[in-house]
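Here the protein sequences come in this chain order: F and C.
Residues in the first sequence are numbered consecutively from 1, following the working numbering.
Residues in the second sequence are numbered consecutively from 1, following the working numbering.
Don't read these hints as lab results, they were simulated from the structure.
Mixed in with the good hints there might be a few duds.
Lysine-lysine pairs mimicking BS3-like chemistry, simulated, CA-CA at most 25 Å apart [claimed, not checked]:
#, chain 1, residue 1, chain 2, residue 2
1, C, LYS209, C, LYS278
2, F, LYS207, F, LYS163
3, F, LYS133, C, LYS244
4, F, LYS163, F, LYS133
5, F, LYS133, C, LYS56
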Amino acid sequence: MTGEPVLRLRGVSKRFGAVQALSDIDLDVAAGEVVALVGDNGAGKSTLVKVIAGVGPPDTGEIRWEGRPVTIGSPAAAQSLGVATVYQDLALCDNLDVVANLFLGRELQRVGVLDEVAMERRSRDLLDTLSIKIPSVRIPVASLSGGQRQTVAISRSLLGEPKIVILDEPTAALGVEQTAQVLDLVERLRDRNLGVILISHNMVDVKAVADRVAVLRLGRNNGFFDARTTSQEQLVAAITGATDNAVTRRQARGTGEADR
Amino acid sequence: MSTSAGEPPEPQGASPAGSTGPAGPTGPAGLAKEAQVDPRLLVREQGLKGYLTQFKQRIRGGELGSLPVIVGLIVIWLVFQSLNSQFLSAQNLSNLSVDIVATGLISVGIVFVLLLGEIDLAAGSVSGVSAAVVAVLNVNHGWNPVLAIIVAIAVGALLGLIHGLFFAKVGVPAFVVTLAGLLAWNGLQLRILGANGTINLDNNGLVSKLTNTYFSQVIAAYGLALIGTVAFFAISYFGNQRRKAAGVPSRTMGDLLVRTAGLAIVAFAVAYVLNQYKGLPLALLIFLIVVVATDFVQRRTTYGRKVFAVGGNIEAARRAGINVALIRISVFVISGAFAAAGGLFAASRISSASQATGQSNTLLLAIAAAVIGGTSLFGGRGSTYSALLGMLVIQSITSGMALQGVSNSIQFMVTGAVLLAAVVIDSLSRRTQKATGRT
Numbered sequence: 001m002t003g004e005p006v007l008r009l010r011g012v013s014k015r016f017g018a019v020q021a022l023s024d025i026d027l028d029v030a031a032g033e034v035v036a037l038v039g040d041n042g043a044g045k046s047t048l049v050k051v052i053a054g055v056g057p058p059d060t061g062e063i064r065w066e067g068r069p070v071t072i073g074s075p076a077a078a079q080s081l082g083v084a085t086v087y088q089d090l091a092l093c094d095n096l097d098v099v100a101n102l103f104l105g106r107e108l109q110r111v112g113v114l115d116e117v118a119m120e121r122r123s124r125d126l127l128d129t130l131s132i133k134i135p136s137v138r139i140p141v142a143s144l145s146g147g148q149r150q151t152v153a154i155s156r157s158l159l160g161e162p163k164i165v166i167l168d169e170p171t172a173a174l175g176v177e178q179t180a181q182v183l184d185l186v187e188r189l190r191d192r193n194l195g196v197i198l199i200s201h202n203m204v205d206v207k208a209v210a211d212r213v214a215v216l217r218l219g220r221n222n223g224f225f226d227a228r229t230t231s232q233e234q235l236v237a238a239i240t241g242a243t244d245n246a247v248t249r250r251q252a253r254g255t256g257e258a259d260r
Numbered sequence: 001m002s003t004s005a006g007e008p009p010e011p012q013g014a015s016p017a018g019s020t021g022p023a024g025p026t027g028p029a030g031l032a033k034e035a036q037v038d039p040r041l042l043v044r045e046q047g048l049k050g051y052l053t054q055f056k057q058r059i060r061g062g063e064l065g066s067l068p069v070i071v072g073l074i075v076i077w078l079v080f081q082s083l084n085s086q087f088l089s090a091q092n093l094s095n096l097s098v099d100i101v102a103t104g105l106i107s108v109g110i111v112f113v114l115l116l117g118e119i120d121l122a123a124g125s126v127s128g129v130s131a132a133v134v135a136v137l138n139v140n141h142g143w144n145p146v147l148a149i150i151v152a153i154a155v156g157a158l159l160g161l162i163h164g165l166f167f168a169k170v171g172v173p174a175f176v177v178t179l180a181g182l183l184a185w186n187g188l189q190l191r192i193l194g195a196n197g198t199i200n201l202d203n204n205g206l207v208s209k210l211t212n213t214y215f216s217q218v219i220a221a222y223g224l225a226l227i228g229t230v231a232f233f234a235i236s237y238f239g240n241q242r243r244k245a246a247g248v249p250s251r252t253m254g255d256l257l258v259r260t261a262g263l264a265i266v267a268f269a270v271a272y273v274l275n276q277y278k279g280l281p282l283a284l285l286i287f288l289i290v291v292v293a294t295d296f297v298q299r300r301t302t303y304g305r306k307v308f309a310v311g312g313n314i315e316a317a318r319r320a321g322i323n324v325a326l327i328r329i330s331v332f333v334i335s336g337a338f339a340a341a342g343g344l345f346a347a348s349r350i351s352s353a354s355q356a357t358g359q360s361n362t363l364l365l366a367i368a369a370a371v372i373g374g375t376s377l378f379g380g381r382g383s384t385y386s387a388l389l390g391m392l393v394i395q396s397i398t399s400g401m402a403l404q405g406v407s408n409s410i411q412f413m414v415t416g417a418v419l420l421a422a423v424v425i426d427s428l429s430r431r432t433q434k435a436t437g438r439t
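Bound-form chain F, shown alone:
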């Protein structure tokens, strides 16, 4: 990793009433890096994603984008910065075809009329560069498999030319083959020099594609791990807090600093 990461969070905290959802969270995401964000239910993953996606701004803490401090106050602000979020419920229109879904809300026009040819052309180019295989870009999304739908949703987020893509459990409810397709796509995003934040409960997937793993536990950082050298057991231990003591915290800090 060279230079400043694209996205740097320092000391981000957020409180909902009596609940301290996030306290003092740090997170770095560099270009061309897949950071897995893992943690048990209620660890604060979704809240952190909402902070980055501009849905729920933090109470305190600093967000730096390419080195300069920013406030992400709305989803639109996040998008214009270059943050694309693919939520778990993909939010595709089943009745519309792949092209229409990809360009929904930003249709290309020619003299006030939809420019289907240009949209189809760009859809095919996009899907081709991502090596996505779809029977036809002109069939309704309803007739695609779960994995194909996921890849369509991810491709759609790329049309805005983002720098960071947040994937919320992209492989949940997918079969073996389809999971592999989605993981391939995640790697291709990295190859395109995008920063990817991958939220997952599946340690196998995390180990398969992530470069670094950021563990959240009860709204706090519980260590950063190198995905290649850390065993699945160690990750699970960090997630569940089985080894949550001063020693492991110290070690975890060490790993995290080395990574930065």
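Got chain F sorted already, so can you dock chain C onto it with the hints?
Using the frame of chain F, we list chain C on its own:
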């Protein structure tokens, strides 16, 4: 008219496809070729062969489009013709083509609402109000008929706006809002008509002329058929050239010619029949223009795309930055305006506006027409061509039964059965779609 492939609700598209007979031998060959490749990875085969395989895949996948209604229409016509040779006479068909216009226009508005997955129960009453408004302004107050028509349609749009605001902004279910409208606007209609309850229109006035004007010159009907065919071919051809230039799948020349020929046969046959009687009816011309124009809006503009998106998945539409409330309100305004236009033609047809205008089963027939024509009740699928096709089916049954001297009671039961059949086909095709959805 559409230039891209894979759009079922296109009546011309289905007619060459329906005549698979002569092209039969190419069918099995296309299938055999397809079997070697993973059928799911087929993008689109070129030419007639590809068209046939695609068509077969679509049928198997449950995307029937307007095929059932066209088959149904042909069956209905054959049955009634065999019962009474007067049925397919030029006079009967010409009258039929004018009779469909009033309810058909209401149905066009209903299609917009159905695309959202909602319902407009007030359309019949709104059409009645519109007829009353135009009659009172034109006959009682001596207004210029053009002005009276504009005001009547504006009133319809305004009533639609009220439905839309209550539905989209207050959050009352559309069913309830428009049910309230059904009752309230019926009252308004009676109020506007006043004590007499019936106002006769001037037989030579503009409103009456809407339905009793015929372009009797032979050239009119044939010219329209020619213009339609040439325009269809030109748009398809140049659209196709653009697709070729851009390197996206395009149709072959043969494919284009088959489709154009299919349209030409239908268009010139209709023109021929109309010329046998009084010529091209103005009302039919207006209706066809409305159907083509609204279909264009739905399929080729961002507005139409947004309507389909809201009907398909509201959450997805919202996240894509679509103003859902605005789309909903605008759709109800459109529905109100078309209901008003339908009311004008209903009054025009009988040269009077009465308490009965737009009442009884007008609304239900308009909804039935949209559904029979292939527009889904569940939102997100349909086209305004279904208003045309559905009305043809309904009016054919009505007309055929009337020729046979069958009573209203039987007519309603048969129309009900046809509607049920259409909804069953819709439900079954949805189920097949899910089954072949490969999820």
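**Q.** Enumerated hints in conflict with the structure, sorted upward
**A.** Violated hints: none at all, because every hint is consistent with the structure.
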